Amino acid sequence: MSINGFAAVLARMKLVTQSTTDSGLSSALGVSPQTVSSWKGRDSIPYAICVELAEKHGICLDWLLVGEGPKFRTAAQHAINASLDPEWETQLITQLRLLDPSDLHAITLAIQEKQRLRELERQMEKIAGLVPQRNT
Numbered sequence: 000m001s002i003n004g005f006a007a008v009l010a011r012m013k014l015v016t017q018s019t020t021d022s023g024l025s026s027a028l029g030v031s032p033q034t035v036s037s038w039k040g041r042d043s044i045p046y047a048i049c050v051e052l053a054e055k056h057g058i059c060l061d062w063l064l065v066g067e068g069p070k071f072r073t074a075a076q077h078a079i080n081a082s083l084d085p086e087w088e089t090q091l092i093t094q095l096r097l098l099d100p101s102d103l104h105a106i107t108l109a110i111q112e113k114q115r116l117r118e119l120e121r122q123m124e125k126i127a128g129l130v131p132q133r134n135t
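Numbered as in numbering that gives the first Met the number 0, the sequence shown ends at 135 without a single skipped number.
The set of hints was computed from the structure by calculation and includes no laboratory data.
Just so we're clear, the structure is a prediction, and the values are computed from it rather than from any experiment.
Keep in mind that a hint or two might mislead.
Stated by the list, open to error - The calculated EDC-like cross-link candidates involving lysine to aspartate or glutamate, where the alpha carbons are at most 16 Å apart (straight line), are:
hint, residue 1, residue 2
1, K113, E51
2, K13, E86
3, K125, E51
4, K39, D21
5, K70, E88
6, K13, E51
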């Protein structure tokens, strides 16, 4: 993770936990201040911590890790629930047909990127389940 990426994730973690300091963040996450300090030294936060924080606070993992998409899963969940409505699909197709080809291309790319991120998340969760977690 780049320094800017790491700093941004750390800032979003503080925002979610309403922490203003590394010490406050460590308390909110249930880890020692030294653990947060070691993350900063390595420019790396354990993925499992991010997943746990996202689940606990109803935050979208995409938003937490890369700052994209809705902040809260409720917005994403609303879209999923809406997809259960038979009219939703028809409305979406109608809206898509009204778009310019360049907009359709952008939407296609966004969908492909979302699918790629989901696959990476699945792979990371699988790896996290296979490798014992350290609290450092």
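Hints, one by one, checked against the model:
no., hint, result
1, K113 <-> E51, "violated, 20 Å"
2, K13 <-> E86, "violated, 40 Å"
3, K125 <-> E51, "holds, 15 Å"
4, K39 <-> D21, "holds, 10 Å"
5, K70 <-> E88, "violated, 24 Å"
6, K13 <-> E51, "holds, 14 Å"
Violated hints, in rising order: 1, 2 and 5; the structure is consistent with all others.
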